[in-house]
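Number of protein chains: 2
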Amino acid sequence: MDLFEILAFLAVFLLLARLGSVVIAKFGIPGLVGEIVIGVVIANLTLGDWSLLGMLNIQLPDYSIGFSGNENYHIFYSLAELGVIFLLFSVGLETRIKDLFSVGKVAMLVAVLGVVIPFILGVAVILVIEHNMIHALFLGAAMVATSVGITASVIKDMKLTDTRESRIIIGAAVIDDILGMLVLAIVAGMDVSGGGVNITSIAITALVAVFFVFLVFLACMKLTPRIYDYMGKRRAAKLASNPDRPVKPVNMLAVAIIVCFALAALSEFIGLAAIIGAFLAGMLFADHSREWKLEPKIEDITVFLLPLFFINVGLQVNVGLFTSVEVLLISAVVLVLAIASKYIGCGLGARLGDKTLDRDGVKIIGMGMVPRGEVGIIVASIGLASGAMSSELYAVVVLMSVVTTIIAPPLLSKLFRKKYPTDKWATTEM
Amino acid sequence: MDLFEILAFLAVFLLLARLGSVVIAKFGIPGLVGEIVIGVVIANLTLGDWSLLGMLNIQLPDYSIGFSGNENYHIFYSLAELGVIFLLFSVGLETRIKDLFSVGKVAMLVAVLGVVIPFILGVAVILVIEHNMIHALFLGAAMVATSVGITASVIKDMKLTDTRESRIIIGAAVIDDILGMLVLAIVAGMDVSGGGVNITSIAITALVAVFFVFLVFLACMKLTPRIYDYMGKRRAAKLASNPDRPVKPVNMLAVAIIVCFALAALSEFIGLAAIIGAFLAGMLFADHSREWKLEPKIEDITVFLLPLFFINVGLQVNVGLFTSVEVLLISAVVLVLAIASKYIGCGLGARLGDKTLDRDGVKIIGMGMVPRGEVGIIVASIGLASGAMSSELYAVVVLMSVVTTIIAPPLLSKLFRKKYPTDKWATTEM
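Line by line, the protein sequences give chains A and B. Just so it is clear: in the first sequence, position 8 is 276 by the working numbering, and no numbers are missing. Just so it is clear: in the second sequence, position 278 is 546 by the working numbering, and no numbers are missing.
Hint data in this document are derived by calculation from the structure and do not stem from the laboratory. Among the hints, a few may not be true.
A pair holds if it fits inside one copy or across any two, identical chains being indistinguishable in the list.
[Claimed, not checked] Calculated cross-link-like contacts (lysine-lysine; reagent style DSS-like; alpha-carbon spacing at most 27 angstroms):
#1 K516 with K561
#2 K294 with K501
#3 K623 with K516
#4 K506 with K427
#5 K366 with K561
#6 K294 with K687
#7 K561 with K427
#8 K687 with K516
#9 K561 with K424
#10 K506 with K686
#11 K516 with K682
#12 K686 with K490
#13 K561 with K294
#14 K516 with K686
#15 K516 with K424
#16 K490 with K506
#17 K516 with K506
#18 K516 with K294
#19 K501 with K687
Since the structure is predicted, the reported quantities are computational estimates derived from the model, not experimental observations.
Kindly produce the complete structure, drawing on both the sequences and the hints.
Here it is, written out as structure tokens:
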């Protein structure tokens with residue numbers, strides 16, 4: 269381990285990410301798209317023996333040979349993950365439990381249709397092309413994924429977290445993560461056992477996940493209000509008994525971060541994504557997040573960590589794998605289906621679930637669920653590592669995940685601007 | 269690599285650190301002492317096969333067999349280092365170049381006497397005890413170390429960065445780091461070559477370090493004021509040409525963090541500590557740090573990273589190595605000498621260099637330079653890894669480093685309170 273190397277790649281990556289973000293923002297496109305593109309460029313920029321990743325001593329994973337990257341990559345990856353964990357935590361900080369309940373029904377419909385339609389289309393297209401059931405099922409599972417981190421970042425940047433559309437997207441993404449986990453468990457189980465699926469174990473997984481979410485909801489409603497109440501009373505009592513001596517407040521940021529990591533760890537442990545736990549942890553503090561200024565403080569942390577997450581999404585694209593016309597054609601077909609199936613599936617769910625939504629609202633929700641981001645890539649890596657996906661199909665899924673993640677944010681941001689016109693969209697200084 | 273494990277140890281470490289900090293603060297002792305003690309407890313708490321570190325899958329380094337820790341430890345260590353880097357960066361943000369120049373002479377005297385006296389005493393004590401020149405030289409080098417991070421943390425917590433004593437300590441610590449690096453280079457060179465030292469290479473190292481610091485000072489005086497001037501004019505021009513459209517400001521936090529990492533990397537590369545580069549980077553932004561609110565933002569980041577740094581200092585103490593009475597006795601002697609030599613050496617430097625300092629000011633400076641912290645431990649690890657230190661001497665130096673780091677902050681905080689009495693020292697709520 270070499271501290272110089274770590275600091276060097278952080279400086280270089282953050283500098284390039286900032287440049288990418290600022291340049292692309294000039295065209296009215298959300299900055300994260302520029303950061304992902306920078307990641308793609310970094311991963312594929314080689315001149316003979318020279319490559320930026322090589323100079324920074326970062327070796328990317330190659331799941332086809334079971335290599336998960338070198339140590340510098342792991343440190344980078346950890347920081348990137350912490351970035352998206354803090355992002356979802358800050359989204360949770362802005363989400364009160366009643367806001368989420370008010371969109372419960374429509375979010376459920378959006379999530380279910382946004383899982384079923386992409387899954388069926390994903391399975392169907394591979395069955396038509398290559399008649400391989402395991403490949404088909406894994407592609408279906410990857411199509412199901414939704415990267416809430418990408419959409420959440422756009423929403424937060426535009427300061428539109430408290431719109432109804434944003435709440436529906438966030439709620440649906442949480443449900444989508446649970447459903448996606450189950451789909452993956454079933455698909456992976458069928459792969460390993462060659463057709464048979466352990467229904468009991470999958471049912472337990474599902475129950476544990478639902479129970480976890482339920483417990484946090486319960487804590488939001490019953491537990492935390494009492495704790496805050498007690499803390500307030502204690503503080504008042506201390507002040508009353510000794511009015512001359514100021515009472516140093518509890519460092520709520522430290523407490524919040526500990527709870528965030530604990531729930532993220534627990535969430536990861538039971539098979540959900542860490543970001544879901546982080547989001548739920550944020551909700552525990554939502555009632556007081558303004559008072560304690562938690563959100564701007566968490567955003568200060570993400571300034572330095574989140575660009576690493578977006579770069580990492582881009583890094584996974586290996587242009588060298590797209591050599592044959594066949595792979596390119598399949599990629600194009602899968603990409604179109606990936607966008608259409610989520611857009612239509614989730615849009616349909618929104619329309620059926622909430623009659624009060626106008627046409628633009630429905631479009632926003634459909635588009636907000638399109639990015640597959642890191643979730644699609646994770647499914648693909650699991651498939652590649654277990655042999656259930658070929659290198660070509662892996663490349664196709666990674667491309668689909670990254671391109672949906674690049675295409676959706678500018679369209680989403682356009683739709684949001686149309687529906688919520690304001691003159692606050694500023695030009696960038698640099 | 270396992271994200272669950274990383275999140276789990278972060279949650280557990282941060283929770284324990286917070287508890288340690290809050291409990292010890294009840295006794296009027298700076299919280300970081302509690303965090304270091306928690307580190308010592310975590311490292312040594314075992315019940316049969318059970319240990320917290322084992323459960324969290326963290327393996328500490330054992331330099332005597334060339335093992336530098338497992339991957340989880342490296343990720344933890346990287347975060348800890350980023351914590352202290354951000355801390356020194358934020359100290360730099362509060363240090364204008366003219367503040368540093370105004371204490372230049374006295375800081376130089378403090379640093380030189382704070383290097384010479386501990387070195388001589390360190391070498392002498394080992395020569396008396398065991399007549400081993402290499403052991404003696406390495407102990408001397410470890411005695412020279414100053415962990416500015418510890419003192420800086422106390423100063424920042426007490427919001428006393430802009431006192432003359434604080435500036436002298438910070439300035440002296442920067443010079444101390446350069447001198448300490450040279451001492452270590454000479455000692456390590458004598459060890460390897462068996463007596464001969466490559467004067468040319470050490471002179472070049474020294475010149476490069478001084479040149480680096482000089483360049484940053486020059487940039488502070490000449491370059492950055494012009495850049496800020498240009499940025500301000502450009503912004504004004506944009507506003508004038510299009511008054512209805514607000515200009516989105518440059519994200520100065522992102523820029524500052526990139527510069528911080530870049531200078532920290534460069535500093536590490538040329539053989540200085542990364543924190544010195546981070547401190548110098550902070551100085552580049554000091555003129556506008558208030559306006560851009562950089563300091564509170566960086567502090568939000570250190571809330572989550574800095575406790576890991578203090579825990580890591582504590583983790584290095586292996587109580588199991590203090591089995592013989594001899595080791596305990598040597599530890600006691602070395603510890604007393606370590607405290608006395610820095611306190612007297614640096615105090616003398618302060619007294620000789622600045623006649624305007626009162627008795628309390630001199631004491632503050634002497635005490636502020638006592639903590640050896642991670643710097644002493646690093647010297648010891650280098651000695652152990654190269655075979656120039658025995659395991660026993662290594663244990664002695666680690667103990668000396670950690671105990672000076674635990675003893676100095678409460679005394680320093682007491683001295684500061686005496687000299688700068690105020691009613692702002694609050695009780696803690698929990």
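Which of the numbered hints above does this structure break? Structure breaks hints 3, 12, 19.
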